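Protein chains: 4
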Amino acid sequence: MANFKGHALPGSFFIVFGLWWSVKHPIKYLNKKNKGLSRFNRFYQRLDLIEGITKAVFALVGILAEQFVPDGPHMHLVNGEDHSWVKLMNWQHSTMYLFYGISGVVDILTYLPLKVPVGMDRLFLSLAVFIEGLLFYYHVHNRPALDQHIHSLLLIAVFGGSISIMIEVFLRDHIVLELFRSSLALLQGTWFWQIGFVLYPLWGAPEWDQSDHGNIMFITMCFCWHYAVALLIIAINYSLVFWCVSRRKQLSGDVTLGIKKLNGNHAEAQTSLLAESEED
Amino acid sequence: MANFKGHALPGSFFIVFGLWWSVKHPIKYLNKKNKGLSRFNRFYQRLDLIEGITKAVFALVGILAEQFVPDGPHMHLVNGEDHSWVKLMNWQHSTMYLFYGISGVVDILTYLPLKVPVGMDRLFLSLAVFIEGLLFYYHVHNRPALDQHIHSLLLIAVFGGSISIMIEVFLRDHIVLELFRSSLALLQGTWFWQIGFVLYPLWGAPEWDQSDHGNIMFITMCFCWHYAVALLIIAINYSLVFWCVSRRKQLSGDVTLGIKKLNGNHAEAQTSLLAESEED
Amino acid sequence: MANFKGHALPGSFFIVFGLWWSVKHPIKYLNKKNKGLSRFNRFYQRLDLIEGITKAVFALVGILAEQFVPDGPHMHLVNGEDHSWVKLMNWQHSTMYLFYGISGVVDILTYLPLKVPVGMDRLFLSLAVFIEGLLFYYHVHNRPALDQHIHSLLLIAVFGGSISIMIEVFLRDHIVLELFRSSLALLQGTWFWQIGFVLYPLWGAPEWDQSDHGNIMFITMCFCWHYAVALLIIAINYSLVFWCVSRRKQLSGDVTLGIKKLNGNHAEAQTSLLAESEED
Amino acid sequence: MANFKGHALPGSFFIVFGLWWSVKHPIKYLNKKNKGLSRFNRFYQRLDLIEGITKAVFALVGILAEQFVPDGPHMHLVNGEDHSWVKLMNWQHSTMYLFYGISGVVDILTYLPLKVPVGMDRLFLSLAVFIEGLLFYYHVHNRPALDQHIHSLLLIAVFGGSISIMIEVFLRDHIVLELFRSSLALLQGTWFWQIGFVLYPLWGAPEWDQSDHGNIMFITMCFCWHYAVALLIIAINYSLVFWCVSRRKQLSGDVTLGIKKLNGNHAEAQTSLLAESEED
Numbered sequence: 001m002a003n004f005k006g007h008a009l010p011g012s013f014f015i016v017f018g019l020w021w022s023v024k025h026p027i028k029y030l031n032k033k034n035k036g037l038s039r040f041n042r043f044y045q046r047l048d049l050i051e052g053i054t055k056a057v058f059a060l061v062g063i064l065a066e067q068f069v070p071d072g073p074h075m076h077l078v079n080g081e082d083h084s085w086v087k088l089m090n091w092q093h094s095t096m097y098l099f100y101g102i103s104g105v106v107d108i109l110t111y112l113p114l115k116v117p118v119g120m121d122r123l124f125l126s127l128a129v130f131i132e133g134l135l136f137y138y139h140v141h142n143r144p145a146l147d148q149h150i151h152s153l154l155l156i157a158v159f160g161g162s163i164s165i166m167i168e169v170f171l172r173d174h175i176v177l178e179l180f181r182s183s184l185a186l187l188q189g190t191w192f193w194q195i196g197f198v199l200y201p202l203w204g205a206p207e208w209d210q211s212d213h214g215n216i217m218f219i220t221m222c223f224c225w226h227y228a229v230a231l232l233i234i235a236i237n238y239s240l241v242f243w244c245v246s247r248r249k250q251l252s253g254d255v256t257l258g259i260k261k262l263n264g265n266h267a268e269a270q271t272s273l274l275a276e277s278e279e280d
Numbered sequence: 001m002a003n004f005k006g007h008a009l010p011g012s013f014f015i016v017f018g019l020w021w022s023v024k025h026p027i028k029y030l031n032k033k034n035k036g037l038s039r040f041n042r043f044y045q046r047l048d049l050i051e052g053i054t055k056a057v058f059a060l061v062g063i064l065a066e067q068f069v070p071d072g073p074h075m076h077l078v079n080g081e082d083h084s085w086v087k088l089m090n091w092q093h094s095t096m097y098l099f100y101g102i103s104g105v106v107d108i109l110t111y112l113p114l115k116v117p118v119g120m121d122r123l124f125l126s127l128a129v130f131i132e133g134l135l136f137y138y139h140v141h142n143r144p145a146l147d148q149h150i151h152s153l154l155l156i157a158v159f160g161g162s163i164s165i166m167i168e169v170f171l172r173d174h175i176v177l178e179l180f181r182s183s184l185a186l187l188q189g190t191w192f193w194q195i196g197f198v199l200y201p202l203w204g205a206p207e208w209d210q211s212d213h214g215n216i217m218f219i220t221m222c223f224c225w226h227y228a229v230a231l232l233i234i235a236i237n238y239s240l241v242f243w244c245v246s247r248r249k250q251l252s253g254d255v256t257l258g259i260k261k262l263n264g265n266h267a268e269a270q271t272s273l274l275a276e277s278e279e280d
Numbered sequence: 001m002a003n004f005k006g007h008a009l010p011g012s013f014f015i016v017f018g019l020w021w022s023v024k025h026p027i028k029y030l031n032k033k034n035k036g037l038s039r040f041n042r043f044y045q046r047l048d049l050i051e052g053i054t055k056a057v058f059a060l061v062g063i064l065a066e067q068f069v070p071d072g073p074h075m076h077l078v079n080g081e082d083h084s085w086v087k088l089m090n091w092q093h094s095t096m097y098l099f100y101g102i103s104g105v106v107d108i109l110t111y112l113p114l115k116v117p118v119g120m121d122r123l124f125l126s127l128a129v130f131i132e133g134l135l136f137y138y139h140v141h142n143r144p145a146l147d148q149h150i151h152s153l154l155l156i157a158v159f160g161g162s163i164s165i166m167i168e169v170f171l172r173d174h175i176v177l178e179l180f181r182s183s184l185a186l187l188q189g190t191w192f193w194q195i196g197f198v199l200y201p202l203w204g205a206p207e208w209d210q211s212d213h214g215n216i217m218f219i220t221m222c223f224c225w226h227y228a229v230a231l232l233i234i235a236i237n238y239s240l241v242f243w244c245v246s247r248r249k250q251l252s253g254d255v256t257l258g259i260k261k262l263n264g265n266h267a268e269a270q271t272s273l274l275a276e277s278e279e280d
Numbered sequence: 001m002a003n004f005k006g007h008a009l010p011g012s013f014f015i016v017f018g019l020w021w022s023v024k025h026p027i028k029y030l031n032k033k034n035k036g037l038s039r040f041n042r043f044y045q046r047l048d049l050i051e052g053i054t055k056a057v058f059a060l061v062g063i064l065a066e067q068f069v070p071d072g073p074h075m076h077l078v079n080g081e082d083h084s085w086v087k088l089m090n091w092q093h094s095t096m097y098l099f100y101g102i103s104g105v106v107d108i109l110t111y112l113p114l115k116v117p118v119g120m121d122r123l124f125l126s127l128a129v130f131i132e133g134l135l136f137y138y139h140v141h142n143r144p145a146l147d148q149h150i151h152s153l154l155l156i157a158v159f160g161g162s163i164s165i166m167i168e169v170f171l172r173d174h175i176v177l178e179l180f181r182s183s184l185a186l187l188q189g190t191w192f193w194q195i196g197f198v199l200y201p202l203w204g205a206p207e208w209d210q211s212d213h214g215n216i217m218f219i220t221m222c223f224c225w226h227y228a229v230a231l232l233i234i235a236i237n238y239s240l241v242f243w244c245v246s247r248r249k250q251l252s253g254d255v256t257l258g259i260k261k262l263n264g265n266h267a268e269a270q271t272s273l274l275a276e277s278e279e280d
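Which chain is which? The protein sequence lines are A, B, C and D, in order. For the first sequence, the working numbering begins at 1 and goes up steadily by one. For the second sequence, the working numbering begins at 1 and goes up steadily by one. For the third sequence, the working numbering begins at 1 and goes up steadily by one. For the fourth sequence, the working numbering begins at 1 and goes up steadily by one.
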């Protein structure tokens, strides 16, 4: 779908995942030393399962949308008459979604008691991102300068993300890597929207001059601004989670304190000790 | 051998190794905590020895095939008459096989009590793959666009494999890396066959238009599909191994249980404990 | 500010930071096993805070200078009349400073009791350096050969620094990485000055021939000499810090010795033991 | 010195170092668990010192040779008459030697009780190799195809070595990395000689056709053969060291056995135990 919607759809998927990760990982990180491990671990595993299912569903939606839009290939690859390829662009996009779908399925399998090796989910996510980058890299040959440039900037986010996720295979649960991944997902998402706006102007906005050097310079800078905004969103989400977790700890600390107090004064020293240890 | 067979031969070698690794490494991984270490270690070392010998033999077959096919160089490098090079293509292929042969020899040496440093076998395999990539990289200059493109895609699998194996020098017995290596070997193998089919169509199939952009786009996508299939094969093999190992554990667990039961009821509690610990 | 000052300003910032790091990190490294941990840690945290504030202030100065110099954009991005971009060069430079500013803010936040994950400050510094490199990379298209070459050498220092700082996310407080970072900051700083001198000759010096191959060869070599000087400065600063720390240890050792001696002769054996242990 | 000698000189330096490392590191590795640590450590530190001095002396010889050969620049950089550069090629070569000299000086400083951080020697060696690669990279612009190609192959050995040595900063005393470094040094050395033979044929040998594609293909393959030979030399040296160390252990074991036997039969059991433990 070489139109606005074809960029808005994957862009939205990436934004959803970027936002979701920027909330999920800080929650896990800030709760780490806080609670009974087993209960929380089961909770997070269920979250990972839901994430995997969502990923697979999104990928399926993407594949179906690419195949069965009115001007799509409808699962035909070769034109019977003149042996030419049918709508290769849509097929390439379907392929991208396919690998994200595979990654989602691996996430689901990881949840099942199948002894999928630790790190396999990250490997498949990294591969999905890499395949996306590979297809994009050969996608934009013979296009106008601005089109090539705006896609090549996307590749920085894509391959950066792929490398970063590959490192997570070995350094699992590293909060810095996880937040970095979130920020790159957000960047990719908003940049997809930006590509849509630039290449397929909406509401009768004027076309961009594809060969103007000023436009290319602006787009480079604009990419950096997108990332600054992505980092800001990550920071805000992290702060909100921090505030919520601190607040809940304080409350539960007070409750514990209150209950204990009813047991009489002789337990006071221990109680305050407990409350303190839960606050830090 | 710039023909179909010259691509099918190495392709088959890589498929054999990819399949073999995708079975060997899961067996080792899933049996790790299960049995007496010493007996299994000796078994795996013998497997590695056989693997090394196979590698060396395959390489020798490759070298001999490249040198002594009817239109091969028959070990002549320089033409005596006009001082020109003789069949450099075949010589380059022989060189590729040579390094895989060296890697096989190092595998064999590792088995002998020679104190070859741990990781040396991986280093030499990584170097063999790198040399293959290096020769391919300079191989395809001045070729038609499709020919270059289809070989440059191969390079992704080759250099990806080389880097991944190099990491195994430092992170030995990392199942994710090992399965990744298996998948890249499979990809290389099937892609060699694909190159053969595209560049030297069999059974009177029509020639591919080497400069058609559609063909190049399809080939890029086709490469991704090959990898999806490779990943699927890895997943199936892993599942089969998992199923076999679980089944055998269950059986041997039952047997242990049965034998113990004969010893009388007083040992029951310990028996069930043992059976449980062997099941997880 | 495509003039001498526009290169001297950031150059000076980098030199200040390079010098500062080449003193700060050796002090921390050489004092590590020496003193009470808690007092020194608080001292170093305060240093990091001051560093963060300085970074943010420098970045703000840079942004304001780029925006409000007489021929700057004064915060206008689009020319209202013909919808053309206003002074994109200055906007790009402002964007570079912006990311250094963000890095400074993250340094400050790390000081506050907000549980900013360890390594976040390094990640943001690495990103700031990367963004600088990214903007420079697309900055120099369509420029004369010498101009491109002199900027592409800068990119080596920039991307080398970015990678090195990214490794510090995982290997924190690694003195070799820290000194390497210092040396690359110094190199960047002096090279900015060099670019200024070459592209905008001062005091009526003759213009450089932008297409002369000899000039390009000299500039390559000159870059290496800059780095040799940077390494020399790092070595001198390290030696000075080493000398100061050793001297102070010796002095405090003598004082301890003196005080102890007053306590009488019976403590002599222990005293000398103590003095020795403080000297090594 | 763009002639045969100018390539043979550095080539010989690299061969000497490659051979030396391929003996030194196996000795250290194979003796590791064998002897009193302190005596051997002092011995190896002295070896490192000698290595550093040799490196510095070689570098000095190189610089002097490049500067004061009859057609050298004799320390003049700018021609006073027409403000042109004097013999930039020789100056670039001097710069390469300079960084190896610095690396040698750092090796010497590491020996002195100056608390040079561990890994600094590797960092400076890595930098010296990188600078060599950098200068070579910009060295070969505007040269014939074969000249460029033969130098670009050299860059693979150079940058590969630089990365490998950089990893040694973090993974010190890793025998695989050390042998890999040795092999790359040997490769560089023999390749320098090869470049000399190809570009400046000796004894009236015919000139190579610089644009013949066959020559380029042969040179690529020849590079691989050089590496195969380098690996073979490493393997032989390792085996020789292994044989010597085993032999000496056996002898000293026998001696220990003999001496102990004189002490009477009652100590026999312990003696044989000792001899065994020294043999494995």
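By construction, these hints were calculated from the structure, which means they are not laboratory data. There's no promise every hint is true.
[To be verified] Below are the EDC-like pairs computed for lysine to aspartate or glutamate, each with C-alpha atoms no more than 20 angstroms apart in a straight line:
(1) A:K32 to A:D147
(2) C:K115 to C:E81
(3) D:K87 to C:D212
(4) B:K115 to D:D212
(5) D:K87 to C:D209
(6) B:K87 to D:D173
(7) D:K115 to C:D209
(8) B:K32 to B:D147
(9) C:K115 to A:D212
Everything numeric in this text was worked out from a predicted model, so none of it was measured.
Now the hints, each set against the structure:
1. A:K32 to A:D147: With a Cα-Cα distance of about 45 angstroms, the restraint between A:K32 and A:D147 is violated, given a limit of 20 angstroms.
2. C:K115 to C:E81: violated (49 angstroms)
3. D:K87 to C:D212: Roughly 15 angstroms separates the two Cα atoms, so the pair holds.
4. B:K115 to D:D212: At roughly 46 angstroms apart (the allowed maximum being 20 angstroms), D:D212 and B:K115 break the hint.
5. D:K87 to C:D209: holds (18 angstroms)
6. B:K87 to D:D173: violated (44 angstroms)
7. D:K115 to C:D209: violated (47 angstroms)
8. B:K32 to B:D147: violated (45 angstroms)
9. C:K115 to A:D212: Violated, because 46 angstroms separates the two Cα atoms, which is more than 20 angstroms.
Comparing the model with each numbered hint stated earlier shows that hints 1, 2, 4, 6, 7, 8, 9 do not hold.
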